[in-house]
Amino acid sequence: MRKDQYILGIETSCDETAASIVKNGHEIISNVVASQIESHKRFGGVVPEVASRHHVEQITIVIEEALKQADMTPQDLDAVAVTEGPGLVGALLIGINAAKAFAFANGLPLVGVHHIAGHIYANALVQKMEFPLLALVVSGGHTELVLMKEDGQFELIGETRDDAAGEAYDKVARVLNLPYPGGPHIDKLANESDEALQFPRAWLEEGSYDFSFSGLKSAVINYQHNAEQRGEEINPNHLAAGFQQSVVEVLTTKTIRAAREFKVKQVIAAGGVAANKGLRNSLEEAFTKENIHFYVPPIKLCTDNAAMIAAAGNSKYSAGHLSDMSMNGRPGLELNSWN
Amino acid sequence: MIWLGIDTSNTPLAIAIVKDEQVLASFQSSMKITHSIGTMPAIEELMEKANIKPNEIEAIAVAKGPGSYTGVRIGVTIGKTLAWTLKVPIYSVSSLHVLAENAPYFQGVVCSIMDARRSNVFAGIYANGEVVKEAHISLVDLLTTLDNMEQQVLFVGMDVSIHWEQIKEVLGDKVQRANAAFDLPNAAVLIEMAKKMEPSEVHTVVPEYLRITEAEANWMKEQKKNGN
Ligand SMILES: [Zn+2]
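Taken in order, these protein sequences are the chains called A and B. The numbering of the first sequence is our numbering, which starts it at 1 and goes up by one. The numbering of the second sequence is our numbering, which starts it at 1 and goes up by one.
Simulated from the structure, these hints should not be mistaken for lab results. Even glycine gets a Cβ: it sits at the ideal position worked out from N, Cα and C. Mixed in with the good hints there might be a few duds.
[Claimed, not checked] Over 12 Å on every C-beta distance to chain B, these chain A residues come out as not near it, computed from the model:
no. : residue
1   : R2
2   : H26
3   : E130
4   : P132
5   : L176
6   : W203
7   : S214
8   : E228
9   : E233
10  : I234
11  : E249
12  : T253
13  : R280
14  : I299
15  : S318
16  : E334
[What the hints assert, rightly or not] Here are the simulated DSS-like cross-link-like pairs (lysine-lysine), alpha carbons at most 25 Å apart as the crow flies:
no. : chain 1 : residue 1 : chain 2 : residue 2
17  : B       : K195      : B       : K133
18  : A       : K68       : B       : K87
19  : A       : K41       : B       : K225
20  : A       : K265      : A       : K277
21  : B       : K221      : A       : K171
22  : A       : K188      : A       : K300
23  : B       : K19       : B       : K49
24  : A       : K41       : B       : K221
25  : A       : K265      : A       : K289
26  : B       : K224      : A       : K41
One chain only, chain A, in its complex shape (with noise of 0.2 Å):
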């Protein structure tokens, strides 16, 4: 029989601090996050030297607190994982220090994983991964479909030319005057509207898998400006819908006509913007028309979480892709497969 396997994942990519326990690859023996949403709301956004020092005041709190719920000791684990990349650099480098300090002191071996690969891997928390297996990964920082032909095996397929998706939600919650962070808001306000305003959908190049956000974004912000000079109230409600309408259609048209090209058998959405309620009914609908398995792991999986990264890092370090401690935070590191 095989040993079991027991990864501890560090996550500092962005503003969580975030640290758990998988065993096997699959089942979650403990997962911490430590969200700094409350303090970046002031600022309308994360501010980066901001998410950097909550990291500092958070990190060992959180892999202390992983270690404990799991009521395991370092001796425990297996391997370290932590996200090498994308995000922002002074907050990875947090993650990556700890992570580097922590399998230095305990001797054990370290895992750099990719930040997609770990919201991917995701859905290995609650299923078996089935390959090929087509992921939409969106959130505030990534609009992207990945083919994976076999276990750690990436394709980028599509990605954003612009803005993330997630990033356009927060624009346009912005106009609309909504806190941040505005997605949840926008879809709230979409899903309570029976009327939807007409905005324009990006389909690019035919049969490109790519997406481009920031005309419609800029397409918002100009309607509601030219109603607000015109002295025309907008109802926020329509305004929202339309916007949504418009990002769900393309994102579902595009994830559908890929998984029929590349004949997957598993579709799955992962990211923050994954939780939102259109999107996953939408996608939800056209891929039980279409006769295809999609997932979309639960809200606490879609958004930043180190669950992901153990469970990328155990197929990576299962595959023998070490890292070693001359490792640097990665803000545009690339999907590379380690399969």
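Starting from the known structure of chain A, fit chain B with the ligand onto it as the hints suggest.
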């Protein structure tokens, strides 16, 4: 007792391993190597040279800043993570004071500085082994303060050279600068200072930035304006 000392608060990297009264190994560098890349390998290498295993470390001393925000954070993060997981006490010492302690036998005022851009410096003023002031301050104000103390002043630190002309102009023959050998932090000195201190609760160890972030400063200004 075996000590590990770490200072990454500015461009220089300083690491030392001290056993009781003996400096087993010490490393100093002023090369521009990102601390995030260089610090852990340097610790690993120095411990190998001193023939010390991680679980033999019994205390950790770390320079807590001020300095480069990212630099300070790396040393503090490594120091507190090691101290926490090895279950050993941690001592955090002012990075300015560590520099000044390079000149313990100087009769007069010792002033350590780090450049903080826009004609500002992080400066520490020490006299008779006491801390007179540690602050983020304009160079002009610092020099006025030192001038008024009417004592001999010794400047220490790599960044002294950036401002030396102006320093000499104001303080004239009251001022000297340390030679290059004393311009880098020395982690063995850091450890000797830590030995005289009380340890800190490990989770609460954070950098001493001596400055709030710009975003927070603006936010506070905004709050005041709105009468909050
Ligand atoms: Zn993320």
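key: Pair hint outcome, B:K224 versus A:K41 [Cα-Cα no greater than 25 Å]   = 18 Å, holds
ask   = For A:S318, which was marked as not at the interface, is the minimum beta-carbon distance to chain B over 12 Å?
value = Answer for A:S318: holds, closest chain B Cβ roughly 24 Å.
message = Checking one constraint from the list: CA of A:K68 to CA of B:K87, max 25 Å. Satisfied?
response = Answer holds: A:K68 to B:K87 is near 15 Å, not above 25 Å.
key: Interface exclusion of A:E228 relative to chain B, criterion Cβ beyond 12 Å   = 23 Å, holds
request  = Examine each Cβ of chain B, and state whether all of them lie more than 12 Å from the Cβ of A:I234.
outcome  = 27 Å, holds
Assertion that A:P132 lies outside the chain B interface [Cβ separation over 12 Å] = About 36 Å separates A:P132 from the closest Cβ of chain B, which puts it past 12 Å; holds.
message = Need the status of pair A:K41, B:K221: alpha-carbon distance at most 25 Å?
response = Distance of about 16 Å is within 25 Å: holds.
Least C-beta distance from A:I299 to chain B larger than 12 Å = 28 Å, holds
ask   = Regarding the pair A:K41 and B:K225, is the alpha-carbon distance no greater than 25 Å?
value = 19 Å, holds
Hinted pair A:K265 and A:K277, Cα distance within 25 Å = At roughly 23 Å apart (the allowed maximum being 25 Å), A:K277 and A:K265 satisfy the hint.
inquiry  = For A:L176, is the shortest CB-to-CB distance to chain B above 12 Å, so the non-interface label stands?
reply    = 21 Å, holds
task = Compare the distance between the alpha carbons of A:K188 and A:K300 with 25 Å, and conclude whether the hinted pair is satisfied.
result = 18 Å, holds
In this structure, every one of the numbered hints holds.
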